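Read top to bottom, the protein sequences are chains A and B.
Counted the way this note's numbering counts, the first sequence spans residues 1 to 356.
Counted the way this note's numbering counts, the second sequence spans residues 1001 to 1072.
Hints were generated in silico from the structure; no laboratory data involved.
Treat the numbers as computed from the prediction; the structure is a model and nothing was measured.
Where hints are given, some of them may not hold.
[Said to hold, decoys possible] Here are a few chain B residues that face chain A, going by a calculated C-beta distance under 8 Å:
| no. | residue |
| --- | --- |
| 1 | Ile1009 |
| 2 | Tyr1012 |
| 3 | Pro1013 |
| 4 | Pro1016 |
| 5 | Arg1037 |
| 6 | Arg1038 |
Quick reminder that beta carbons are idealized off the backbone N, C-alpha and C, glycines included.
Each chain, written out:
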Amino acid sequence: MTATQPRGQIVTQFPMPLPAARGAASELALAILTGAREPRELVPIVDSAIASSPDVISDDDLQLTLFCLYELHYGGIIGADDALEWNAELIAARTLIETALEAALRERVVVPDAPEPQADAVSAALFELTAADTGPSLSRYIARKASFEEVQEFLVHRSIYTLKEADPHSWAVPRLSGRPKAALVEIQSDEYGEGRPHRMHSAIFAGTVRAAGLDSAYGTYVDLVPAITLASVNMMTMFGLHRRLRGAIVGHLAAFEMTSSIPNRFYGDGFRRLGFDSDATWYFDEHVEADAVHEQIAGRDLAGGLAEAEPELLNDILFGAAACLAVDGWAGEYLLSNWAEGESSLRHPLFEVVDA
Amino acid sequence: MGGADEVEIVAYPNGPFLVRGPISLTNPDGEELPRDRRTIALCRCGKSVIKPFCDGTHKIIGFRTEPEPRAD
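Isolated chain B, as found in the complex:
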């Protein structure tokens, strides 16, 4: 694993992206969005009411992702 400055984005099946590491999360004007925790979940289904963060709505709407391609 890399150092503390390494960014990791994990695509969880049928759910959000979990993001760890020192990213800059901004609006289109470059203003930082409030980020209250080290590990954040970004909405992938488009239906969260707290976008860009996930609020679990993907479970209600039955959001399904395709299996992620394997690196090997």
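Just chain A, same shape as in the assembly:
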């Protein structure tokens, strides 16, 4: 524990800037959002983009399109008509990408054998699954070796989700009841600062972003991150927005929490090694303690409680957990493999944005 608790700031976020297109589908989607084209035009273009895509998960054009359509349900996009959030033709286009994304995930993610649909067994299975996650470790690299420029890139990738941390899982609250609902709300309440906006995890993270000389306005860096970073966030939103997939969003949160406290200690070590002060590492230090609480509640009461209440969701709980580990593993691998080659993990150099 730090002796003096940093105070933190209240962070108010605004609609994100309109991103740059990455292909035919996103170009059209952005034109539709700003009123230059008609929503009915999107389905056929998205359809052919999916048909010609070798891999929807790493497809920049499709992931950005989905990200922008989803953003209408979150904080909005500057210049986009808010009424398009529930436009049936945009939902139809979104559904095409979601169907392809879910199919790709179900094909590529290895789901463990199901235990008994009983809280003890489900929690134990999830802890076993997450402990066995032995991919290349981004957190260990950050702890020991990452340069200042690399941790800036790390924060840029993380900013896409973490500046709205916890929001995708909140979609699940009205879809649950009883024990799993109480468990989710207990976790989310802590994520949102328990009534203290300056302690909201997204606000604490914004402090870390600023300490690294970066812009903490939501969505500033969307243009810089690759498809896999967007896919990791899109997957959460897809799981959260579909009641059918409530097992998957619950499993996702459980795996996310179970792979958080120890990596966050390493992230904090890396930032301290690079000279960041305790205000800047507060986000990571906070998560060491918070997620040691959350992982227990998420494993046993949320995921285990849901499996007991709705045993038919057990396989999706495990799928959501395994998908979290797989996709976040691919995203981490993307960073590490670029850095190993001496390359940036971003699509454009960061300084062009910082200097702008």
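Assemble the complex: chain A is given as a structure, and chain B must be docked to it using the hints.
Leaving out everything else, chain B in the frame of chain A:
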């Protein structure tokens, strides 16, 4: 369930104690330890580096608890 003043301590298998409710957490001199959240996890394996709070280290060291006795 009891009212808001009721304290609950839950022993999680192979993990920490989760504590809910209005407890006083102090050092031996009676000084309050910083407590940043309503629900806290107290270390049970002895290896946390943020004791008395849990930091997840029990997972690394393979800490195992005996099954808790059932009330009935």
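Among the hints numbered above, which are violated by the structure, and what are their numbers in rising order?
Failing hint: just 1.
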